[in-house]
Structures are given as C-alpha cells and as structure tokens.
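Engineer: The lines below spell out each chain.
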Amino acid sequence: MTPQRERRGAELVAKYPEARSALVPFLQYCQAEDGYVTDQAIADAAELVGITPAEVESTASFYSLLFRHPIGKHVIQVCRTLGCMLGGADELREHIRTRLGVENLETTADGAITYEEVECLAACDRAPVLQHNLEFVYNVTPEKFDSLLETWRRESPAAALPAE
Amino acid sequence: MPIEPVLTKGFGSLDLTDLAVYRSVGGFAALTKALREMTPDGVVAEVMASNLRGRGGAGFPTGKKWSFLPKDGRPRYLVCNSDEAEAGTFKDRMLLENSPFNLIEGLVISAYAVNAKRVFIYIRGEFLAGYRIFQKALAQAYDAGLVGADILGSGYSVEIVPHRGAGAYICGEETAQLNSLEGKRGEPRLKPPFPANAGLYGMPTVVNNVETLMYVPHIIERGAKWFASIGAEKSPGPKVISVSGHVMRPGNYEVPLGIPMRELVMELAGGLRPGRRVKAIQPGGGSSAAIFEEDLDVACDFDSLAAKGTMLGSGAVTVMDDTACMVRCALTINRFFETESCGQCTPCREGGQWVHRMVARLEAGEGSESDLKILTTINRTITGTNLCVLGDSIMPFLSSVYKHFPEEFHDHVRLAGCPLHARSESAA
Ligand SMILES: Cc1cc2nc3c(=O)[nH]c(=O)nc-3n(C[C@H](O)[C@H](O)[C@H](O)COP(=O)(O)O)c2cc1C
Ligand code: SF4
Ligand code: FES
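In order, the protein sequences belong to chains A and B.
Take 18 as the starting number for the first sequence in my numbering and just add one per residue.
Take 30 as the starting number for the second sequence in my numbering and just add one per residue.
It is possible that part of the hints are untrue.
[Unchecked claim] DSSO-like mimics (lysine-lysine), calculated; alpha carbons at most 27 Å apart, straight line:
no., chain 1, residue 1, chain 2, residue 2
1, A, 32, B, 263
2, A, 161, B, 100
3, B, 93, B, 263
4, B, 165, A, 32
Read the hints as simulated data drawn from the structure, not as lab findings.
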C-alpha cells in the first residue's frame, strides 16, 4: 500500500466502531485515484479491514458505482425509469447510444466515455435526467446532449467518480 | 387547503445552507429547548404525542419506534436514511441540499431522545452534491458547538458520521442499509431480530428517514398539538410530496396529509397539458399500485390510500395521461425491480426477471396470450414469499394496470405492437 493510501485508510477506519465499515469508502477513494477498482486496491482493502480479498471482491461486486474494470474519464448515466420515460428518456437513450456508438455499460472506442443506463436518480421533476461524473444535468434534449458532449470532450476531469 | 410551509419555508429565497441564515429564522432554538428544558424521555413523549409517522415509506409512528429500544445499557445508534431511490421520489435530496442544518438539528435532538452517542447518515452514492453540502454544514455545526462534545454546555455529546452509498436501491431498506454500513453486501436481513434489538453492529438501532427527522425540531419548538392539528387525524402533519410525470408544474409540494389527490395534481401541480386526461397515477412510488381517473378524490394519507389497495409510500406521485402506454410504463417499473433485486430470494430474483422479460416481449410486440394468462396468476407466486418488501413491490403496478386496461395488453398481442403510438425501437 502506498503511504498516502495507508494514511487515508487509517482516517476512514477511525470514523467507525468497526474497521470493515471503511471498506466501501476506501474502495471509492482508490477508484478515484486509479480510475477503477484495481486488483491492488482489492488487496489493499483486504489488508486494511482484515478480511480476505475474496470477501472484498464479493462486497465490491454488489455496488453499481464500483467498477472492477477500466472505465472512461467521463461516466454518463442516463435515467430510464418511469418519470424520465414519460419525459422522453427512451428517445434520448437511443440518441445517445447512436451518437456514442455504444450500448449500455460500454465504453467508447477511444476509452474516453462510459455509458450506462440507470434507475431513478431522484430528479423526476426535471426529466429526462442524466449524471455526468455524478453531476446532475436536467431536462436533457438530444441537442443539449450534443453540445454538452463537445464541452465534456474538451475537459479532462481528475476522477470520473470522485470519492468526496 | 394550503398550509404554511414548514420544512420548505424559505426555499428559493433564503440560503439555508448558511448557518447564520438558518439561525436567523429560528434555527437551533428547538435544540436549545430540548437539551436545556427537556429530558430524553420528554422528547420521545412529545414526538409520540404528535403522532408523527415515518416519511420513508412504511408510515410507522416515530415515537413508538424510539420507545422500543431496550434499556439494557448497550450502545445505541441512530441511522438517518438518505438513500432515496424509490422511483418517483425526490424530496429527501431536495431537503438535504437545501436545508442541511434543519437535518442536523433533527439528528442531534433525535439522538438525544434515544440516547445515541453516534449517528450515521447514509447518503445515496449518486447524491455527491448533497453529500458535499452536508459535509460543509456539519463542519460548521461542529465549530459552533452544535454537534460533538458537550453540546451547548448540556453535558450531552454526539458524533455525526456521513457515509456515502455506492449504488444500490436496496440499501434504502433498513436492514440492508445496516449491512451496507458494516461494510458488507447490502442484503436485507431476516426480521426478527428487529434493528431496535439487534441493529448496527448488533446493537439497538433506530433507522429514520431524512424528512421524518427534519420534522422533529419543529415538533419540539411548536409542540405536539400543533403538529397533530394539521392534516388527517390518523396521519397528521405536513408532508413533502414529489409530483412528476405528465403535469404542468412537476416538483415537490409540502402539503397537509390528507389533501385530495385532485387538488394536489390538478391545482398545485398545474394539472395536465391542454386536452389531456388522467389515465393512471402511481400515488406512492414505483412500488405502489395505480389509481385511476375515478379515484382522484382520494385523500393522500397512509390510511386512505391503503383502503384503495395502494399506498402513500414515500410520497411520490407519478401522473400518466392518456398518451401513456401502460405496457411501456410497466416495463420501466419491472425493469427497475429486476435490476435492483439483491438476489437472495428466488421469487424476487427469478420472478422479477421473468416478469420483466415478459413485459418487454409484450412491449416489443412479441408477446402471446399465454403470457397474459400467466400474468393473472404469477402474483401469488411472487408476492409475500420474500425476505423484504422489494419482492412484494414487483407486481402491484403491473397487476393494477392490467386489471384496469386489459384490452390495451391484449391489443399489444393482437397488433404485435403498441396500439397507442408507433413503437420506439429502443424501449427494451
Ligand atoms: C426496497 C426498499 C427501499 C427503501 N428505500 C428507502 C429509502 O430510500 N429511504 C427511506 O427513508 N426508507 C426507505 N425504505 C424504508 C426503510 O426500510 C425504513 O422503513 C425507513 O427508513 C424508516 O424510516 P421512517 O420510519 O422515518 O420512515 C425502503 C424500504 C424498502 C423495502
Ligand atoms: S425480496 Fe428481493 S431485494 Fe428483498 S431480500 Fe429478497 S431478493 Fe433481496
Ligand atoms: S425517473 Fe428519472 S429521475 Fe426519477
């Protein structure tokens, strides 16, 4: 474990009565550093909270915001549940898939953008809704998406899924 | 019957994320009153007398829940459920982002009432902005001596620990949330034991929703009588209801419980688009059975909606007008439950997947009459046979719209597609 990671791990463990509670926050931290949850992060987490790597793996696999494989610098998560569907999310998803040339949970050929269809994001009054790197974008039209996409492509965010 | 807003007062005009502003409108007066003038049991009694019922979905009386904790000297925990992921619900996120100090005040008073020394607030992973706002407010509250050691010189100390989720609707279920907080897979536990006896780390634990806990300071400040005098007799008080779908002014409305659905949808939320009619409404999130145009006069409270065979749930009203295809609406709901099942119970995991695939077939124009025949019987196999309520949430909406609009389902088979509009290829 890097000294920095060790320090952050100790801080997280100190927040809870039992070390294992720091597991997911620690994996979130590692994911923000490395871009995804690497094998090294699994090993580090196992060491930090005192369980086996297999147990870490099993826990990590439960959570949709933890990725065990490389993802893009941009993660676009589009809501597909009822409120957004009524607001045009089916058409929006079709537009985005065509535009990016990907299916659900795929990353663009250049590795920059990961696309995911997700369930209700708790913003149904401003449907359709998406999150770009966990930031909300409301009332998304195909045109609005295209112009945002150009902006995002020019940016290079530090982490697609920030831990804090 | 409009009321003066309570939790949402000042939203849109005041920056309540600023401690000084929150204080200028009377913030933390209730905390001072509770810590200086009331015993913990006195706070529990006041909340019990108000008949505040949980705003997270089940409507369980909050004071009663608090009184269940065994007095055996073990450490106790308060967990605030800010995982809000029920389809159609968006009130807790708004409350968290706009009024973090009201929440903090509610957390400290409630922790004092149940004698907890540590509070965890479980914030949905997708609410990164809300998490940051809460963190910032919490740091200010610590600096001001409103959280931490010896609060306001009362001798009472409590720590508040924000914890971010990592993507999983099921972690809103209280026992799944406790497992998740313990660093495990967010799988619901078998009950009993209930969290009151064996909750977080096996200790006595209270889990309450964000909105529930935010009403607590107002009850302490203005009294149980004031709260109980608002709204329906058996479901008193104001409540924030999220209205979305085919209405002109979707948004959150803080209303007295018991408000007629017609007033909420047709007046407050601005009604439908010109020329449109109500086809179906989910009154309590994705888990709830639909009500229909003829039901618009139902009162929005726990008991009145239960009497109609549905529920108030978390207070999420999704309106579908006569342009909406019921099969496609059901598809989004059944896809949701297939995706979000934790997989422990066979009827929920396999049944949920099967139902979703069948509705997807129907929607794509590839369904058959035998699919529809099974639809009338599968409810018995899936509902009531699972560990947690998610499994029982798979069928209510689908069954209710199939029962009300059977011809629309049969037409999808007969015409090999949607009778309402040309099908979009992407819907599955
Ligand atoms: C599948 C499922 C998801 C739930 N999601 C939430 C949620 O996001 N927020 C919430 O407060 N309660 C949720 N609940 C209800 C909780 O289990 C629990 O009843 C509630 O947090 C108690 O708080 P209250 O008494 O203040 O309502 C959910 C229940 C189930 C079965
Ligand atoms: S009912 Fe579904 S979500 Fe609930 S415990 Fe069983 S499998 Fe998991
Ligand atoms: S349905 Fe998309 S945010 Fe709720």
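Engineer: Work down the list of hints and note, for each, if the structure agrees.
Structural biologist: Taking the hints in turn, this is what the structure says about them:
no.: 1; hint: A:32 - B:263; result: violated, 40 Å
no.: 2; hint: A:161 - B:100; result: violated, 57 Å
no.: 3; hint: B:93 - B:263; result: holds, 14 Å
no.: 4; hint: B:165 - A:32; result: holds, 17 Å
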